[in-house]
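Listed below, chain by chain, are the residues.
Number of protein chains: 2
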Amino acid sequence: MKMHNPPHPGEVLRELCLKPLGLTVTQAARALGVSRKTLSGILNGRGGISPEMAVRLSLAFGTTAETWMNQQIQHDLWHVERRRKKLKVARLPAA
Amino acid sequence: MKMHNPPHPGEVLRELCLKPLGLTVTQAARALGVSRKTLSGILNGRGGISPEMAVRLSLAFGTTAETWMNQQIQHDLWHVERRRKKLKVARLPAA
DNA sequence: AATCAGTGTAACGTATACGGTTACAGATCG
DNA sequence: CGATCTGTAACCGTATACGTTACACTGATT
Chain A
1 MKMHNPPHPG EVLRELCLKP LGLTVTQAAR ALGVSRKTLS GILNGRGGIS
51 PEMAVRLSLA FGTTAETWMN QQIQHDLWHV ERRRKKLKVA RLPAA
Chain B
96 MKMHNPPHPG EVLRELCLKP LGLTVTQAAR ALGVSRKTLS GILNGRGGIS
146 PEMAVRLSLA FGTTAETWMN QQIQHDLWHV ERRRKKLKVA RLPAA
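Chains as they are written, first to last, in the numbering used here: chain A, 1 to 95; chain B, 96 to 190.
Treat the hints with care, as some may be off.
Said to hold, decoys possible - Reference listing, derived: stretches of chain A covered by chain B, where coverage requires no fewer than 3 residues with Cβ under 8 Å from a Cβ of chain B:
| id | segment |
| --- | --- |
| 1 | 35–49 |
| 2 | 74–87 |
Unchecked claim - Per label pair, the in silico range of CB-to-CB distance:
| id | chain 1 | residue 1 | chain 2 | residue 2 | range |
| --- | --- | --- | --- | --- | --- |
| 3 | B | Glu106 | A | Gln27 | 37 to 45 Å |
| 4 | A | His4 | B | Gly136 | 33 to 41 Å |
| 5 | A | Thr24 | B | Arg125 | 47 to 55 Å |
| 6 | A | Gly22 | B | Gln122 | 54 to 62 Å |
| 7 | A | Thr26 | B | Thr162 | 34 to 42 Å |
| 8 | A | Leu16 | B | Trp173 | 23 to 31 Å |
| 9 | B | Gln122 | A | Arg82 | 25 to 33 Å |
| 10 | B | Pro115 | A | Gly22 | 20 to 28 Å |
| 11 | A | Pro20 | B | Leu116 | 44 to 52 Å |
| 12 | B | Gly136 | A | Lys86 | 41 to 49 Å |
| 13 | A | Gly33 | B | Ala189 | 30 to 38 Å |
| 14 | B | Thr162 | A | Gly33 | 31 to 39 Å |
These aren't lab readings, by the way, just hints derived from the structure by calculation.
Where is the CB? At the ideal position from N, CA and C, for every residue including glycine.
Modelling step: build the complete structure from the supplied sequences, incorporating the hints.
What follows is the structure, encoded as structure tokens:
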């Protein structure tokens, strides 16, 4: 039960990957093989980490794709949970 | 390093949730608050588990949304990893 | 045989997301 | 000033998620 707004993965990406290596957005985008716009959108919280992007990040930075996807999921789920009450779902008996 | 095609979450959903409770697709869709088509698509591997759907499943079956999202991610990543070679990504020094 | 519930799915619509290119404004630096 | 980096708007195409309606098929039940 996460209580606080988890940072979007882009924030983590910028702080933990770009900053330490002194990479510019332009350089990182080129390295990842995506457009500068796409990376910029992620870094500034306007876009999410797609499965393909997660694999790109894992290849470029030597991390795992799961790490990035998990962050994205935490972020996505947090937003959905906020409107959980609005979802009309019947509680079924546990299997 | 997963080697085998992970089952799509719909398969798990049908076997572990619908079957044990003797639920029809129609009944389950109604309980989840989605259309029969949407649930059918997931059950037959034509659609994925969206974050909202993951929360619906957690509410209906008393599981966690993360459980469902993780299954979806394993499935998604497996497909992307298959074409990992095609992604032109530069390897950067570890941070 | 006829009816009905359940199922998959096609056809159509909408909204959102991801990806790209181009182009522009603002900042910073030599 | 000229060069670089950045964010982002405008536009495109594609894919996904969701909905409704309608159809054909199956397997029970009557």
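Cross-check of the supplied hints:
no. : hint                             : verdict
1   : 35–49                            : violated (count 0)
2   : 74–87                            : holds (count 7)
3   : B:Glu106 <-> A:Gln27: 37 to 45 Å : holds, 42 Å
4   : A:His4 <-> B:Gly136: 33 to 41 Å  : holds, 34 Å
5   : A:Thr24 <-> B:Arg125: 47 to 55 Å : holds, 52 Å
6   : A:Gly22 <-> B:Gln122: 54 to 62 Å : holds, 57 Å
7   : A:Thr26 <-> B:Thr162: 34 to 42 Å : holds, 39 Å
8   : A:Leu16 <-> B:Trp173: 23 to 31 Å : holds, 26 Å
9   : B:Gln122 <-> A:Arg82: 25 to 33 Å : holds, 28 Å
10  : B:Pro115 <-> A:Gly22: 20 to 28 Å : violated, 55 Å
11  : A:Pro20 <-> B:Leu116: 44 to 52 Å : holds, 50 Å
12  : B:Gly136 <-> A:Lys86: 41 to 49 Å : violated, 23 Å
13  : A:Gly33 <-> B:Ala189: 30 to 38 Å : violated, 19 Å
14  : B:Thr162 <-> A:Gly33: 31 to 39 Å : holds, 32 Å
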